[in-house]
Amino acid sequence: MYWYEKENHATSPVISVRVRFARNLEDCPFPHRLSAEERVQVWERIREAFREKELVEADFSRIGELEKRVYVQTHLASPVLAEKGAGTGLLLSRDGALSIMVNEEDHLRLQVIMGGDAVNEAFDLATEYLRHASARLPFAFRQGLGYLTSCPTNLGAAMRLSAMVHLPVLTRTGRIRSLSDRLQKSGFTVRGLFGEGSEAIGEIYQISNQNSREMTPEEIHDAFVRMLAQVIRWETQQDASLGDEAEDRFYRAWGQSLWARKLSWREFALWYSDLRLGRRLGIPEAASLTWLDRYLIQSMPAPMELSDLTLADSEKRDRERARRLREMLREKEE
Amino acid sequence: MKCENCNKREAVFHYQRTQNGKTTEAHLCRECAERMGYRSQLESEIFFPFLFESSPRAHALQRCPQCHTALDEIRATGKFSCASCYDAFRDRLDLTPFVGKGYPAAAPVAAGNCESAALAEKEKKKEKKEKSLDELKKALAEAVAAEQYEKAAELRDAIRAREV
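Those sequence lines, one after another, are chains S and E. Per the numbering used here, residue 1 is the first one in the first sequence, and the count goes up by one each step. Per the numbering used here, residue 1 is the first one in the second sequence, and the count goes up by one each step.
Same shape as in the complex, but just chain S (with noise of 0.2 angstroms):
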């Protein structure tokens, strides 16, 4: 079951997190300077590796455009590794909450992601599976400048802890710009995890440490922690003084996704933004709405697509999921 696909019963502003770790081979090159036939033997190479973990294997030369999209879309692949052809793809693991990349910018960049604040249980099972793999193949390491990467910026432990947060009452009191300053001073990125430039979709940010540097990976998980208890504590702060504003947009949104016949996905994360921070504040009718996020991520075009091919069609899509909506909302309501 996929990260997404969990119920999230908390009503924290957190959504999800991720660990990832980059590591590389000692002994070849990085994957930008191996041929195809290379690419291919380190591909065998980690696989073999992982043997084990009976991972699930996605090949990215074999497997076809619009599942390497919704890998992308559901945050298990980036962008980058499905422009790359052969002796590049994923291991997965059954309970998808592992995914492995292979000769993307790096040989092996391992993540775990997990729905909630689930930061110890992601570090620990990302850890695990790293320690597993180290006993089976050559880590490129060096004293004083730590595990090699093939960009120098990502040298030291080579991890970036990430949480994708929902933050309305911050972004719509105008304070994400002094969030992201401060933030900024103590080691930390935030940016709006949709959308382009300065915009966050769906009030939804990402929030990842920077460049690890001299930290190991113990240090960079204790502070992430306390940063991001922090920022659950300043999103929170005024929740019981929110007054009249919060609850009508709620009810509009619930109002228009139990009518609504045809829905964009932009369109449904403004909505869901209202939904969700109606649950997080206790509004009742919102109690049952534990699947918001899930669907925020299902909901997108291509795991869409995945699920019914002739929902290729954007308009069909369209209505489509505003159906789905529809039906969701009222079978909590029965």
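The hints are simulated quantities; they were obtained by calculation from the structure and are not laboratory data. These numbers come from a predicted model, not from an experiment. Take these hints with a grain of salt, some might be off.
Label-pair ranges, simulated between beta-carbon atoms [unchecked claim]: (1) 72/E - 319/S: 31 to 41 angstroms; (2) 63/S - 154/E: 28 to 38 angstroms; (3) 104/E - 52/S: 52 to 62 angstroms; (4) 153/E - 121/S: 20 to 30 angstroms; (5) 153/S - 158/E: 56 to 66 angstroms; (6) 27/S - 75/E: 51 to 61 angstroms; (7) 100/E - 197/S: 46 to 56 angstroms; (8) 41/S - 78/E: 35 to 45 angstroms; (9) 78/E - 63/S: 26 to 36 angstroms; (10) 158/E - 120/S: 18 to 28 angstroms; (11) 315/S - 75/E: 49 to 59 angstroms.
Where is the CB? At the ideal position from N, CA and C, for every residue including glycine.
Given chain S, put chain E in place with the hints provided.
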């Protein structure tokens, strides 16, 4: 050009080193270079690229011994091409913006060594097995000598199982 040390012989050894933004240079004849301790660098593979003709840009031609990427390429793309590039060019590039005070952890046991480590484990296990096989044979001989035939039979079976 003449050797800058003795000013007598022709300079054939040209050395340039950039560290922390400062560049030091030396232009020496072979004898002075050896006497001044550059000998090990003349012979070591990593420092060999320091030898170049008297052309100021030639140092940029040095290449990584494993993947043959030139330093210039790395400077231009901002990307390294393999693990050995870091060894080859570490002294010529200032990596402090990327590593700060330096990654503190020690090299993990498996890094660069996992195959020999796994092999060493295998050897150890094999050794252990063989040792106890000898011990079993010894024990068998002793059991026979002491006329403990039941025990001897057990040991014999155990030895047979091992030898299969």
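Here is what the structure says about each hint:
1. At about 57 angstroms, the beta-carbon gap between residue 72/E and residue 319/S misses the expected band of 31 to 41 angstroms.
2. Look at residue 63/S against residue 154/E: about 58 angstroms separates their beta carbons, and that is not inside 28 to 38 angstroms.
3. Take residue 104/E and residue 52/S: their Cβ atoms lie about 32 angstroms apart, and the range 52 to 62 angstroms is violated.
4. A hinted range of 20 to 30 angstroms for the beta carbons of residue 153/E and residue 121/S is inconsistent with their spacing of about 55 angstroms.
5. Against the hinted window of 56 to 66 angstroms, the Cβ-Cβ separation of residue 153/S and residue 158/E comes to about 59 angstroms, which satisfies the hint.
6. A C-beta distance of roughly 24 angstroms is found between residue 27/S and residue 75/E, which places it outside the suggested range of 51 to 61 angstroms.
7. Separated by about 30 angstroms at the C-beta atoms, residue 100/E and residue 197/S break the suggested range of 46 to 56 angstroms.
8. One distance hint, 35 to 45 angstroms for the beta-carbon pair residue 41/S and residue 78/E, is violated here, with the actual separation near 26 angstroms.
9. For residue 78/E and residue 63/S, the hinted distance range of 26 to 36 angstroms is satisfied, since their beta carbons lie about 31 angstroms from each other.
10. Roughly 48 angstroms separates the CB atoms of residue 158/E and residue 120/S, a value that falls outside the hinted 18 to 28 angstroms.
11. Separated by about 51 angstroms at the C-beta atoms, residue 315/S and residue 75/E satisfy the suggested range of 49 to 59 angstroms.
Checked against the numbered hints given earlier, the structure breaks hints 1, 2, 3, 4, 6, 7, 8 and 10 and satisfies all the rest.
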